[in-house]
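Residue strings, one per chain:
Protein chains: 2
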Amino acid sequence: MTTSSPPLGLHRVIEPPGVLPQAAWRLDPDPAIAPDEVRVRVDRLNLDAASYRQIREAYAGDPDKIRAAVLDIIATRGKMQNPVTGSGGMLTGTVEESGPASPLGLTPGQRIATLVSLTLTPLVITDGLASWDARSEQVPCQGHAILFGRSIAAVLPDDLPAPLSLAVMDVCGAPALTSRVVKEGDIAVIIGAAGKSGSLSAAAARQSGAARIIGVVPSEAEAVLLRHPPTTRESPLVDQIVVADARNPVGLAEKVQAAGGPAEVTVVCVDVPGCEGGAILSTKQGGTVIFFSMATSFSSAALGAEGLAADVTMLIGNGYVPGHAELALELVRITPSVRRLFDMRVES
Amino acid sequence: MTTSSPPLGLHRVIEPPGVLPQAAWRLDPDPAIAPDEVRVRVDRLNLDAASYRQIREAYAGDPDKIRAAVLDIIATRGKMQNPVTGSGGMLTGTVEESGPASPLGLTPGQRIATLVSLTLTPLVITDGLASWDARSEQVPCQGHAILFGRSIAAVLPDDLPAPLSLAVMDVCGAPALTSRVVKEGDIAVIIGAAGKSGSLSAAAARQSGAARIIGVVPSEAEAVLLRHPPTTRESPLVDQIVVADARNPVGLAEKVQAAGGPAEVTVVCVDVPGCEGGAILSTKQGGTVIFFSMATSFSSAALGAEGLAADVTMLIGNGYVPGHAELALELVRITPSVRRLFDMRVES
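Protein chains in written order, with the working numbering: chain A, 1 to 348; chain B, 1 to 348.
Quick caveat, the hints were computed from the structure, so don't treat them as lab data.
Hints may be right or wrong, so weigh each one.
[As the list claims (entries may be wrong)] Derived CB-CB ranges, DEER-like:
| no. | chain 1 | residue 1 | chain 2 | residue 2 | range |
| --- | --- | --- | --- | --- | --- |
| 1 | B | 11 | A | 260 | 23 to 31 Å |
| 2 | A | 155 | B | 345 | 49 to 57 Å |
| 3 | B | 18 | A | 83 | 41 to 49 Å |
| 4 | B | 18 | A | 260 | 17 to 25 Å |
| 5 | B | 271 | A | 83 | 21 to 29 Å |
| 6 | A | 140 | B | 345 | 54 to 62 Å |
| 7 | A | 245 | B | 286 | 55 to 63 Å |
| 8 | B | 295 | A | 75 | 48 to 56 Å |
| 9 | B | 15 | A | 159 | 24 to 32 Å |
| 10 | B | 18 | A | 135 | 37 to 45 Å |
These figures come from a predicted structure and were not determined experimentally.
Using N, Cα and C, we set each Cβ at its ideal position, and we do this for glycine too.
The whole structure should be built from the sequences, with the hints applied where relevant.
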């Protein structure tokens with residue numbers, strides 16, 4: 001066993017042996033923690049939307065059957081990973097015990113959210129999900145979960161509503177990577193600028209010193225969200241708004257060019273397939289495209305850039321960048337336009 | 001129309017209008033060229049392996065039917081793009097006419113290979129494919145093809161056999177991007193180091209000053225290919241050989257660590273699904289993974305890195321880097337071990 005194994009939670013994998021916890025069929029959720037682990041008293045699961053939808057449809061919306069199905073998955077697998085969709089979600093809770101060798105810096109009593117997926121988090125539910133109406137992916141519950149040395153958790157801030165903080169943390173990788181890549185004076189194109197990850201990425205590009213930010217949205221209704229009330233004295237979130245179908249490469253590139261593009265850095269934040277070519281064509285030779293959309297096709301991006309003789313660096317949006325949650329929460333605090341967009345999109 | 005449109009060949013798109021040539025159902029292969037186009041006298045098509053296999057199986061290997069099917073696709077679509085697989089291939093030929101505004105720098109009489117896909121290249125076949133036995137994806141033929149301003153073509157060198165040059169050009173994006181990313185003193189891990197793109201990437205990493213190159217191969221048979229004859233005085237292509245299943249993240253990472261890893265730069269050159277986690281775990285925090293395998297899953301890479309709290313930069317291997325063909329051909333000339341690997345793998 002190498003020194004890197006225990007932090008990844010390999011000792012919790014029951015079946016099949018030797019795989020990573022995310023790939024495992026079954027984990028051991030024993031509440032006794034190893035020296036580098038943390039045990040959390042869980043108060044809420046936030047199921048992945050695709051996972052919840054699949055279960056709800058499979059049981060025709062029957063609350064008892066939905067509760068039983070989720071309980072069965074957790075009891076069988078030792079984690080909440082939907083076997084059909086493969087996806088999980090995240091959880092909130094309170095730190096109950098922090099092992100002496102845990103590198104996470106958590107202390108008992110802190111209210112936290114996990115930023116690693118439920119698909120790799122050992123979990124036990126003790127209340128039979130009795131207080132969940134099964135009508136949304138928000139699952140109030142009682143039980144415990146285990147964090148490994150290399151898990152990621154963020155303390156929920158006191159000054160922001162918890163649902164807002166969770167929504168911000170859910171997409172916090174995007175502004176963190178945007179912030180790393182955008183340089184002073186760059187032109188940045190944000191595709192899906194009125195969405196959660198898009199608006200945060202626009203704010204991050206501004207903070208990094210972008211000279212011009214072009215926000216792409218699919219409709220006039222979304223454009224309205226990006227425009228400020230005329231009375232506000234805030235600086236605008238984006239400098240130019242482009243209403244375009246991002247799946248039409250030529251149409252998008254022409255509109256971006258008319259708005260002052262192409263860009264040094266293009267950030268793709270819309271979960272719609274077929275945006276690769278438009279993003280590539282909206283980017284200068286020598287520029288960078290960051291793909292945050294899970295609908296991105298690896299081969300479309302690779303072959304598309306080759307077919308267009310486009311010398312662009314293409315990044316797979318990594319959801320983890322050190323300090324990403326803190327950076328995103330701070331952007332929400334200091335950027336009123338982002339806060340407004342989130343308040344509109346998050347049920348509190 | 002923006003200034004960037006004609007070089008992309010949009011004026012050749014017949015159906016549906018407005019899409020890029022690669023996405024088009026039908027192109028106009030008129031031999032009369034625009035000022036920035038080049039017309040090539042085609043002598044050979046090199047069909048994409050997946051495309052050829054699909055057609056061969058659909059017609060149970062009957063040569064007449066296979067020839068008729070390929071001719072029908074080209075006549076109907078104005079390009080060789082298999083409607084089932086979506087893939088094309090490349091071609092070789094001789095420059096017949098170069099428009100006065102062509103940026104490609106080609107002159108009539110030069111023997112070239114196209115480095116953009118047949119899926120976006122206007123094409124006419126005039127000999128009914130009479131000299132093709134339909135038994136391999138190598139299709140000797142007569143006809144013409146059109147290159148756009150932003151197409152990519154490379155002059156076939158006189159000092160290397162044409163099949164070798166074609167095989168090198170087919171994977172030349174990998175060493176070019178590796179060469180850009182690897183810095184002096186880096187540790188580099190090449191997954192699939194005995195293959196075509198892998199061996200070239202190893203040679204590129206060496207040229208960029210990598211301090212240690214760890215070559216990963218799936219079997220002892222492949223390891224033998226990487227070892228030099230004991231009499232040779234060449235410097236080795238890789239410093240350490242690791243025999244491992246790249247689909248087993250923990251197993252791979254442990255062996256790479258024992259061989260002197262993890263790496264600053266990991267290059268994935270094997271077309272096998274499921275190598276994302278192993279590549280990520282074989283890379284240092286702050287390092288870079290370059291994915292050249294078309295079997296890469298975008299979401300596995302993005303979620304895998306997040307699940308492992310891995311702060312790694314993940315690049316989608318772009319098949320186009322300026323000067324890539326020349327760089328790869330030069331690596332083959334100056335690296336005897338790479339030349340030997342290619343000679344073994346290429347039928348001449």
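Quick check: which numbered hints come out false for this structure?
Of the numbered hints given earlier, those the structure breaks are 7, 8, 9, listed in rising order.
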